[in-house]
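The residues making up each chain are set out below.
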Amino acid sequence: MSKSSNRTITLIHLYPDLLNLYGDRGNIITLRRRCEWRGITLQVHSASLGEKASFDDADLVFMGGGSDREQTLLFQDFQQHKGPALVEAAEGGLPLLSVCGGYQLLGLYYRTHTGEEMPGLGLFDAWTEAGSTRLIGNVVAQAPLLGENATLVGFENHSGRTYLGSRGGIQPLAQVTAGFGNNGDDKGEGAVYKNAVGTYLHGPVLPKNPALADWLLSKALERRYGDGSLSTLHDTWENRAHLSVAQRFGKK
Amino acid sequence: MLSPRLLAGLWMGKTAIWLNRRFGHGGTSFPGGIGRRVAPQILTALAGQLKKGAMVVTGTNGKTTTSKMLAAIVEKSSLTLTHNRAGANLVGGITTAFIDSATIGGSITSDLGVIEVDEATIPQLVREVQPKGVVVTNFFRDQLDRFGELDKTVSLVGEALRLLPVQSIAVLNADDPLVASLGKDFPGRVLYFGIDDRSYGAREMLQSAETRFCRLCGHPLTYDWFFFGQLGHYRCSHCGFQRPEPKIKVTGIQLKGEEGSAFTVETPRGTWQLELSTPGFYNIYNALAAIASAIRLDLPEKAIRAGLQGYRTNFGRMERIELEDGRRAFLALIKNPTGCDEVIRTLVQNRGPKRLLVIINDNAADGRDISWLWDADFESLEPVYPELRSIFTSGLRGEDMALRLNYAGIPAASIHYEANVEQAIRSALEMTEPGETLYILPTYTALLESKAALTRLGHSPHYWEE
Chain E
1 MSKSSNRTIT LIHLYPDLLN LYGDRGNIIT LRRRCEWRGI TLQVHSASLG EKASFDDADL
61 VFMGGGSDRE QTLLFQDFQQ HKGPALVEAA EGGLPLLSVC GGYQLLGLYY RTHTGEEMPG
121 LGLFDAWTEA GSTRLIGNVV AQAPLLGENA TLVGFENHSG RTYLGSRGGI QPLAQVTAGF
181 GNNGDDKGEG AVYKNAVGTY LHGPVLPKNP ALADWLLSKA LERRYGDGSL STLHDTWENR
241 AHLSVAQRFG KK
Chain A
1 MLSPRLLAGL WMGKTAIWLN RRFGHGGTSF PGGIGRRVAP QILTALAGQL KKGAMVVTGT
61 NGKTTTSKML AAIVEKSSLT LTHNRAGANL VGGITTAFID SATIGGSITS DLGVIEVDEA
121 TIPQLVREVQ PKGVVVTNFF RDQLDRFGEL DKTVSLVGEA LRLLPVQSIA VLNADDPLVA
181 SLGKDFPGRV LYFGIDDRSY GAREMLQSAE TRFCRLCGHP LTYDWFFFGQ LGHYRCSHCG
241 FQRPEPKIKV TGIQLKGEEG SAFTVETPRG TWQLELSTPG FYNIYNALAA IASAIRLDLP
301 EKAIRAGLQG YRTNFGRMER IELEDGRRAF LALIKNPTGC DEVIRTLVQN RGPKRLLVII
361 NDNAADGRDI SWLWDADFES LEPVYPELRS IFTSGLRGED MALRLNYAGI PAASIHYEAN
421 VEQAIRSALE MTEPGETLYI LPTYTALLES KAALTRLGHS PHYWEE
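Heads up: the protein sequence lines correspond to chains E and A, in order. If you count the first sequence from 1, position 103 lands on 103 in full-length UniProt numbering, and the numbers rise without skipping. If you count the second sequence from 1, position 376 lands on 376 in full-length UniProt numbering, and the numbers rise without skipping.
Possibly wrong hints are sitting among the right ones.
Unchecked claim - Just the calculated beta-carbon pair ranges, DEER-fashion:
1. E:Gly115 / A:Ser277: 39 to 47 Å
2. A:Gln167 / E:Gln43: 38 to 46 Å
3. E:Gln43 / A:Arg162: 35 to 43 Å
4. A:Gln273 / E:Asn239: 23 to 31 Å
5. E:Gln247 / A:Arg456: 22 to 30 Å
6. A:Thr271 / E:Arg111: 35 to 43 Å
7. A:Leu19 / E:Asn149: 47 to 55 Å
8. E:Gln43 / A:Glu204: 52 to 60 Å
9. A:Asn420 / E:Gly115: 48 to 56 Å
10. E:Asp56 / A:Asn420: 47 to 55 Å
11. A:Arg456 / E:Arg111: 35 to 43 Å
12. A:Gln423 / E:Ala130: 41 to 49 Å
13. E:Gln80 / A:Arg37: 50 to 58 Å
Claimed, not checked - Derived list of chain E stretches under chain A, where covered just means 3 residues or more per stretch with a C-beta under 8 Å from a C-beta of chain A:
14. 75-85
15. 100-108
Treat the hints as calculated values from the structure; they're not laboratory data. Heads up, the beta-carbon is just placed ideally off N, CA and C, and yes, glycines get one too.
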């Protein structure tokens, strides 16, 4: 396909120097390689504190998680400068992956132990409450979004409990069969709203879940070029690493 | 004389140590755990008898190396020592070391204690042992699934420092802003150590720095120089926090590859030219921490010199194993991005044909979350890929490791995965030809497995531990 050889997409990586816990830069490495292997050019622009981000020109956005301190540092910048434009773009279908802290910031609010509510951007009809214990461990989940019998695997480490509403048809990204997911109660893991994805999964999430990486790339290409088709990759180690987690930690 | 209860705890512990030795492995923390169950005050009672008190070493990387270097200096000073060897650095393991060191009657005859302690355990340890000083090496991401977040770890150590007796001292790494920030609100005395020489490092920040923000006010730090991670010469233009001027500082460094390094260190007792037999830039920091502690303990210069020169890398921290026919193996523990990057850097610098075996486990002692593999700079291997004659991965997360290498630029088909650690080591050793070096990079529990496997294959040096 001659068309595939000169396709270019642009990714905005939000606050890479602050939201970089738990190997989340592996998600960028994964998107970059999976594009490169298919002859697609992926341009990555960073946008941190005080830096401009033009979501109109972007095809994909990534936002990781950070420590409480670092999330507090960027809170104002995100609320005032980048957040509203990001929400508008995501409402228009811009594909987005947010992990852990980034996922929480895109919800309605975060309620601390003392009952204080830190407002979020409200892209996701979801809210987070501080928990007394951390939910830590391997996760195996069913993710029909990614295909029949598709699973999602990863490692979660969060104290916030996130609950989803129903506005705009927001759905959990997956249903956990092992691990806690959003809140440890309703089996939901993450959220999908339009082309925006939130998840608690580290690992990082994309290397071992190539179907999710390709879902995002496909949505980005579809919006930019009207054709989201992707050539098939071998995914030898991707699948083996995925299966090893699914088999070892999944419910038998 | 100890109370009957303490004696009972001591004897139970001693029995458990004897049983461990007699019937092979068993946790090093188990005897101490039993002793504490019977006599909760046992560590306080034993450590309180040390003639010159105890120095405690903590931090993410370099705890074991620093405390072993200090132990070597103490031994060269003709002083006797109680020391928790083999990285048994939780309170149980430390208690085991003291029980082992005590006489049957419950007396500790050692002059000094050198105690390596896990960051999460240090407040409790300081309460029980009341040490003469605490050394903090650095803070990096490590085992986050256990500690939650790095900030909490730093705060825990800060809390421990505030529990120190007034005459105690904090020995802090001036070049790590996270460590140095602990000196700000510490009411006691602080002895900073650091590296002034800028022949190593860069003006720009390298991968995997923990933070470039001031821990005290949250504003960005300005760096004039980076060594590795967030270690360097920094200042905060907002609150004025800056790298403290170190009292013990390195002003000249000559790295000599696998042979180690030579460096000039300025101390309150004069300027010394020292030799270190352990390779790796980061080991100069460990040596500095040991020197600072030795100066605090008034140990003689001659002993410091001899201790550092005679010190050999221990327990998988870049350990060299000579095989027959001019073949060599390196065994180097990897457990977090910064330490792993230094190991990769050493591997890349040593030219010539080589083979690589990375063994990743995710047992509790390794940290169950292996996300850090993606923060480590395996991409640096790509340029030396032509020199890598074979690449193996193994361990519980060996497939994850293969995936990581693949995305770092190593072709998928040239990576071989073997689940069984011993089998992987055997295959890799068999392939290694004369003139080649095999690099074995295991996580902590994989290192233990590797040691056992190498011993069974007739290759392990036995000096590493009792």
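**Study point:** Violated hints, by number in ascending order, as checked against the structure
**Key:** 1, 2, 3, 4, 6, 8, 11, 14, 15
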